[in-house]
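Heads up: the protein sequence lines correspond to chains A and B, in order.
Position 112 of the first sequence, counting from 1, maps to 112 under the numbering used here, and the rest follow consecutively.
Position 184 of the second sequence, counting from 1, maps to 612 under the numbering used here, and the rest follow consecutively.
If you are wondering where the hints come from, they were derived from the structure by calculation, not from laboratory data.
No experiment lies behind these values; they were computed from the predicted model shown.
Think of the CB as a built atom: it goes at the ideal place given N, C-alpha and C, for glycine as much as any other residue.
Incorrect hints may have been included.
Stated by the list, open to error - Some but not every residue of chain B turned toward chain A, in silico, with C-beta under 7 Å:
#1 ALA564
#2 THR685
#3 TYR814
As the list claims (entries may be wrong) - Using 20 Å as the maximum straight-line C-alpha spacing, the simulated PhoX-like pairs for lysine-lysine come out as follows:
#4 LYS358(A) / LYS690(B)
#5 LYS23(A) / LYS455(B)
#6 LYS489(B) / LYS534(B)
#7 LYS115(A) / LYS8(A)
#8 LYS577(B) / LYS358(A)
#9 LYS21(A) / LYS451(B)
#10 LYS451(B) / LYS23(A)
Number of protein chains: 2
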Amino acid sequence: MIDPVILKGFRDSLPSEEIPKKKIIRKLEDGFASYGFVPIDTPVLEYTNVLLGKGGGETDKQVFHFEDNGGREVAMRFDLTVPFARFLAAHTSELAIPFKRFHINKVWRGEKPQKGRYREFIQCDFDIVGVDNALADYEILSMMHSSFKLLGIDGYTFHLSHRGLFNTFLEKLGVLDKSVDILRTVDKLRKIGEEKVVEMLNEITADDEKSKKILAYITAGEGCSFRETLDDLKELAGGDCPASERLEEIYTLLSETGIADKFVLDPSITRGLDYYTGIVYETFLDQLPSLGSVCSGGRYNDLASLYTKERLPGVGSSIGLDRLLAGLEELKSPILENTASADVMVIHRPEDRVKALKAAAELREGGIRVDVYLAPEKKMKQIFEYAEKNRIPFSLTFSDSTYNLKNHNTRETFSSECLSEVIKAALA
Amino acid sequence: MIDPVILKGFRDSLPSEEIPKKKIIRKLEDGFASYGFVPIDTPVLEYTNVLLGKGGGETDKQVFHFEDNGGREVAMRFDLTVPFARFLAAHTSELAIPFKRFHINKVWRGEKPQKGRYREFIQCDFDIVGVDNALADYEILSMMHSSFKLLGIDGYTFHLSHRGLFNTFLEKLGVLDKSVDILRTVDKLRKIGEEKVVEMLNEITADDEKSKKILAYITAGEGCSFRETLDDLKELAGGDCPASERLEEIYTLLSETGIADKFVLDPSITRGLDYYTGIVYETFLDQLPSLGSVCSGGRYNDLASLYTKERLPGVGSSIGLDRLLAGLEELKSPILENTASADVMVIHRPEDRVKALKAAAELREGGIRVDVYLAPEKKMKQIFEYAEKNRIPFSLTFSDSTYNLKNHNTRETFSSECLSEVIKAALA
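Sequences are here, hints too, so could you generate the full structure?
In structure tokens, the structure reads:
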């Protein structure tokens, strides 16, 4: 006998988890499609050198890679961004530009498993590639907003910032050459606090005043409106510049389409990674700030430069689906509520089975999910345990010439001919 | 610059392929859910010994396996059946029995890539576990029938047979001990023809008469009705037996629910694998018999015996999604037709953009997919090339105070206030 164990950091998904997960993915897909975004998929396995590109180093250890039976060095994808860059380079001429794609699928990283961290997890990415303007930046933000609305999430806030504006500020301060280290430090503000950040900045700039100015910049948004913060940042960065104008234009679009209230300008958001060049953003659930960002991203100048000379600027986001699911669970979100395997369970005596199968077929035609209980010889107690385990709200039984429909939640019974209507009304 | 190549036997899925694939998967999922089947998922990577069980040998070379960074022997799943068996053993007490699950996801095999054969492909499995009766057999068959109907496929036929009845026949013939070899041979009938099969059977039975009797059994269904064939087979197998009674009961259910015309009793179907014990079946598209079976499976006695002492009989099917997609393409199936990325493209001048964004939001609220063209400075020629590449049927433009909606397929134009209605009517 082999022990049916799975690898550390990996998970089985039981129906009670898989049903809501699929529901959420569908909603997101529908939301993305409503904006004209299209789905793509890429292989799970790719050539290691293609996936790792120049960026070996730290990533290397986290990547599942091996030599296949044909002696090829292959690796499992560790994100959906690198395969997308490779995909863009390989198919540029076949794609309609601007290219708006989404990709929701698993990725693998050999990270140390810990609470909420897995070695196999789902990423949900969406990007607009081939255009660099405020309208595209706005569309990504607007789509994030409507995705969260579609998921029925109440309180969420998008924290927005602009890498280019921060760089203009750093240039004015004369520390632009240290921007990478500064960005990585600033990115830790939420975790380690202001004091520690200034300490670390001092080590980088060796200038207490400059460090304090950087702190003033990244905390300028606290308690202020988007408008006020934008004016403050502009001043700190030395007046109008292309980056501030872009932010200005995005803010105008958000305001004029009535969704600006969900966005705060938060210059502490930098997204530690150095490939962002324009707007950057993170998303927090108002009731669960400690959960961290559930949707992050930004604008980059040139996504596929490793693989093609074609310049492909873009803006994109990634939803951490596992983290979002954990958040929704903690918030007892209604979207996670109905995980019933079916709407009605049909229970029948052997002599009624044709009647039962026909009733089931008819209900299905009407869009009702029907589970015909397949072991009719079992005792009623066991049958109802099955219904309960599957959270099926209705049962349908037969007595001679009539149907008997029962709602297990309300304990109501019905002997009607319009079964579909009764069930649909109760489920609505 | 790195060449953006992918591995042989692997594929990128472009939107024109991914949109119909997702559509088909959704239809199947909805169909399965309408029968009370629930989704599960399992890890892509598992311990090699757990996945390979006792069955090493031939499979071994086809399996992508390696030592991970922690020194564990791991493998990528090569089907969805073994992980399901392992899953059942690990979670028996948490599941509602009978357990009806579906699982649609990728598997990997290091097979020699050739036309229609890939190293990464999608399997679509559905099983009923924990009950061994005609009702469960019927439900799987009935669900297969309604799945194919849901996909809008016209001509399809399910070829049904019973392993137990064949074994009863072989026992009567005194060659039951050679059943595995006989099964493998009989399974080749469609490919190599009657003569060759008899030749090979002779090598196994060393008895020409017995070989001819076996041929007579497996060809008994040709040109006959289910009823006639069943009577013939019963006689050849020596009269009524549990297997013939099961077939009888299944046939009654198929007839009484009005779907028997899609099923033929075809004793040449054996499914070469030796773990089937009851009904076995394959599915052929009437217009494409050479495509091979697009949905196959059968009843097994004890799926998870490698991992648990619990006896878990079941019946299940697997749809070869890639093969089915190839078939649908060849048949120019309507389900593959509408692969538009959006229903309407909104084209606007910069000064109209708020108007355009608001119109887009309103249409989306009405369930219309709207692509706001994001590079409004481009020439109309380029904009329409974009629409064409994305197969977007409508465009919406603005002139001062009115909307102008154009259907690119019919060249009709509309200046109405009920845009949603016009678009929905045209798309219906």
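Check the hint pairing LYS115(A) with LYS8(A) against an upper bound of 20 Å on the C-alpha distance.
Answer holds: LYS115(A) to LYS8(A) is near 12 Å, not above 20 Å.
Against chain A, run the beta carbon of THR685(B) and see if the smallest gap drops under 7 Å.
holds (5 Å)
Please verify that hint: TYR814(B), Cβ, nearest Cβ of chain A, below 7 Å or not.
holds (5 Å)
Are LYS358(A) and LYS690(B) close enough, with their CA atoms no more than 20 Å apart?
holds (17 Å)
Checking one constraint from the list: CA of LYS451(B) to CA of LYS23(A), max 20 Å. Satisfied?
holds (15 Å)
Measure nothing beyond the straight line between the CA atoms of LYS23(A) and LYS455(B); if it is 20 Å or shorter, mark the hint as holding.
Holds, because 14 Å separates the two Cα atoms, which is no more than 20 Å.
Under 7 Å, Cβ to Cβ, is where ALA564(B) needs to be relative to chain A, so tell me if that hint holds or is violated.
holds (5 Å)
So if I understand the rule, the pair passes when the alpha-carbon distance is 20 Å or less; does LYS21(A) with LYS451(B) pass?
Within the cut-off at roughly 18 Å; holds.
Are LYS489(B) and LYS534(B) close enough, with their CA atoms no more than 20 Å apart?
Given that 20 Å is the threshold and the Cα spacing comes to 19 Å, the pair holds.
Please verify whether LYS577(B) and LYS358(A) have alpha carbons no more than 20 Å apart.
Holds: LYS577(B) and LYS358(A) sit about 17 Å apart, inside 20 Å.
Checked against the numbered hints listed earlier, the structure breaks none of them; every hint is satisfied.
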